[in-house]
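Visitor: What follows is each chain in one-letter form.
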Amino acid sequence: MKLTLRVWRQKNADAEGAMSTYDVDGISQDMSFLEMLDTLNEELILKGDDPVAFDHDCREGICGACSLVINGDAHGPERTTTCQLHMRSFNDGDTIDIEPWRASAFPVVKDLVVDRTAFDRIIQAGGYISAPTGAAPEAHSTPVPKPDADFAFEHAECIGCGACVAACPNGSAMLFTSAKVNHLNVLPQGAPERETRVLDMVGQMDAEGFGGCTLTGECATACPKGIPLPSIAAMNKEWLRATRKVKRA
Amino acid sequence: MTRTLWDSSVGKKTVMAVSGLIMLLYLVVHMIGNLKIFFGAGEFNHYAHWLRTVGEPFMHYEWTLWLVRIVLVAAVVAHATSAYQLSRRDIKARPAKYVHKKARSSYATRTMRWGGIILALFIVWHLLDLTTGTAHPGGFQPGHPYQNVIDTFSTWYGDVVYIVAMLALGLHIRHGFWSAAQTLGVGNATRDRVLKTVANVLALLLTAGFIAVPVGVMTGVVS
Amino acid sequence: MTSYAAYTTGEPVADTKAPEGPVNERWDKRRFEAKLVNPANRRKHTVIVVGTGLAGGSAGATLAEQGYHVVQFCYQDSPRRAHSIAAQGGINAAKNYRNDGDSVHRLFYDTVKGGDFRARESNVHRLAQISVEIIDQCVAQGVPFAREYGGLLDTRSFGGVQVSRTFYARGQTGQQLLLGAYQALSRQIAAGNIEMHARTEMLDLVVVDGKARGIVARDLITGKIDTYFADAVVLASGGYGNVFYLSTNAMNSNATAVWRAHRRGAYFANPCFTQIHPTCIPRTGDHQSKLTLMSESLRNDGRIWVPKAKGDTRPAGEIPEDERDYYLERIYPSFGNLVPRDIASRAAKNVCDEGRGVGPGGQGVYLDFADAIRRMGRKAVEEKYGNLFDMYARITAENPYETPMRIYPAVHYTMGGLWVDYDLSTTIPGLFAIGEANFSDHGANRLGASALMQGLADGYFVLPSTINDYLARNPHHDEVSAEHPAVREVLAETDDRLARLLAVDGDRTPDSFHRELGELMWEFCGMARTEEGLRKALDRIPQIRDEFWRRIKVPGTGEEFNQSLEKANRIVDYIELAELMCLDALHRAESCGGHFREESQTPDGEAARVDEEFSYAAAWEFTATGEAPTLHKEDLVFEYVHPTQRSYA
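Protein chains in written order, with UniProt numbering: chain A, 1 to 249; chain B, 1 to 223; chain C, 1 to 649.
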């Protein structure tokens, strides 16, 4: 396959960026999208050019590092992570636009690499259960009904890639935040911190400069792990419940 | 609790949802009242007069009406202020657009903001036209709403403005009602279809009910 | 300069920390004998933790909970992305919830036997003891393990054992356990007890007066190189499987932290013990950048086979039942498809070498679910393995519900690592190694679902107890000065190394060297090794190193985000480590676990250990680049599990 790539190039956070055009040849259908970019980078290095910087690590769809907007879609045309997207999804002669995640809470570091530490700070605000090591009761002392365990798991699958934010026209992190809130709030172990968790995480989400939710559903469509849109409604319910329950100064 | 609500994006959405639902409830009543126009001037004008005397003798003349007006104004202000502040936040959160553009999400979702602005302008015109009479075509006659309505819808622009606004209203309700349900945490996977159907039915009924009046005037059913 | 292969043997090395006495009492005894640090004094101690995977994440969180000041590093943009996240199948624990005869002693026995009698008994027993606490801890943190309808935890079976002791969260157990540790870590970061440096990579170790006192690390965004000082340094930087270029490791997982520590004096033990995982998706071409694992849990229900006839190119569906060879079931009737990984991998290699492999290049065997689908129904199979089947379909564009999966072994885990004693201390005082970075618990072969167990055991329970003893005995009241000659020297060396990489400006990319080295290692130090092959590799590696320093091309500068520079610097260490791996494989003229020397096999082709000569852990001491290292042997004593020829037949 022969392809034309238009790639966002930006030297660093402070520099201006622009799209640059590259031709790549000899691309196999079996290559992953990132292997296609590897091919481009090998050529660029030998030509003495700066290779395209992009985040990637596990290349098996679970670490959440890869983060490209391909032809306007976060992670490209298939519902998966960029690393699990294969070139058989494209045709010979295609022109492919590759851009970084766009959101003011995710500033560009270089080229296609963005800073997603805002997500870490949302988790730090309350996305945990306070269970110091050694203090745990016997695992079977609290049975968890299977539907609740499955609901928790479904939300715990989030890989923190940020595709939801990238796809949202408002740059909202509601799907990410709701995934963690729902995972922990449904479990009996998460109950003691149920109210503070949702209030603090939503508060941090706002403080990071993410947009609000207008329920366009773009986030859930882009999510490679299929975190469902009703997750947001479930978090709203938790939030309202917490607002009623917690009296704050 | 008020501060928590107002300081949070989720809280502001709650304000929008609740105020929106108040306005929606009002619109249902308003639409049903409007349909009385098809039963002649007597019944319509009588209904309009009754609106001022509701609650008597406990309430004084027009007290109830003013109470409703105050609640409505509060709802509109709360709705618009939240919308403005949330929109500003949303736009700020996504300053750089993608070079590769894509048509995204449903029409109703994308037009919430513009639809809201159209509706706000419409309300101003609507009040000036039929409540105060300031912008009424021909002579405004207080106490004779039947004739006033016919006057308005006898002009081409009156029809166009009204019908366009009602279509915008339909789209606004279609997404807004479902959206409010999500914000208030009523939505879940199993209820989603029911909520979407209710939203669609409400949007359709209200739009059709409201548009029936200018159509009636235009076709001469109401004269 | 002596030849690399002409190593010398130094003094034996021994673990001095494990107490005497019955094996099941040693851990309690050690914890009691270990000195403690007064809680009020803990915040005065700084501990550096490198890595945020299961071991590093859990250690950082636990040390911070105890009151220590933790400074933690990861090269990823977030601690949540450490490669533990990719572990699929599960985590072992001797809970005996199934009432199927499991016990701490059985897990201990299985692990020592599974490791082909090359692990230290004290450590393995402690691991088995702690396994039960790990499950409690993770459940308390909200890890959503699979549950049954009664609300209790579900388990499944894994290779090399005959009980059902593997706890799991669908095919994403590693992810869920890692997120649990990450969340615990996040809680401590928010509390101000951990200073987290993401996108910061350790490039060297600072040793002052014989003790580990800090690290040199590079901020990957700005390129700034800094020193960080502490009272103790914990390496939790994972394994070195990426020496092979193609492996199931993450692209950026690397050996720099452990290798630099080794160069500074930490012994490296059993580097040739690498695990080749039997069920990976075969490679499709030269463009392949990494390999993807299919969980071992698939072997619970999938049946492995190849055609009986050589060169049979018919599609799987057209090969009749009596012309198929379910070779694992045939050779190992009692364990069948669930034999340990080393055995399953080697068997796959053997049938492919016989010319009976399937798929492109004959480098694959079938993993067939037709029987399982017939027996359980497609829906049940989907529920159990759906995400793995989807992943397979996405990568290969084949539907595993209709045609059997094709699988082939791939490098997956490294049992070798920095030599540590019972306290997980390396031979440099104050330097600890935990998780895959150390060599301790798996001997010559790791059983499935035991890596997660070991990482969390080390991080949550072992290290936080044993490091107290070191810190109590070595109260560093003095700050390390940035002007200390040792500090300036290590900093200068690091600057110099990066500057040299940038200055060569040759004509080959970092990846081209990495690929060449990997192919060499796979051929000569992979699933089967021979003296001849290893000697060839040992001749070739110095040539690659020489060529590397003449022809490497790294664009850009060191003062910016430069992924090529990161890569090139890691390859420098891979080349040196590869050399040590080959030497270790050459010197160990026996087969054991994942280390298969063709010269040493039983008549029916199984690994033949030579206990009289090799019942030891080989701990290597660095001398100089390209110079022969010194071997220190740690004799392994088996008091409880007596070495036998492993039999899974």
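I should point out that these hints are in silico values taken from the structure, not numbers from a laboratory. Where hints are given, some of them may not hold.
Heads up, simulated DSSO-like pairs for lysine-lysine below, C-alpha to C-alpha not over 27 angstroms straight-line [unchecked claim]:
#, chain 1, residue 1, chain 2, residue 2
1, B, K196, A, K11
2, C, K44, C, K308
3, C, K384, A, K146
4, B, K36, A, K11
5, C, K224, C, K17
6, A, K2, A, K47
Covered by chain C, according to a simulated footprint, are these stretches of chain A (three or more residues, beta-carbon under 8 angstroms) [stated by the list, open to error]:
#, region
7, 50-59
8, 68-74
9, 162-175
10, 240-246
Among chain A residues calculated to face chain B with C-beta under 7 angstroms, some are [unchecked claim]:
#, residue
11, I27
12, P107
13, P145
14, K146
15, P147
16, T196
17, D200
18, V202
19, G209
20, G212
21, K237
Remember, it's a predicted structure, so these values are computed and weren't measured experimentally. Note that CB positions come from ideal geometry on N, CA and C, so glycine has one too.
Visitor: Hints the structure violates: just list their numbers, smallest first.
Guide: When the structure is compared with the hints, numbers 1, 2, 4, 5, 8, 9, 10, 11, 12, 13, 14, 15, 16, 17 turn out to be violated.
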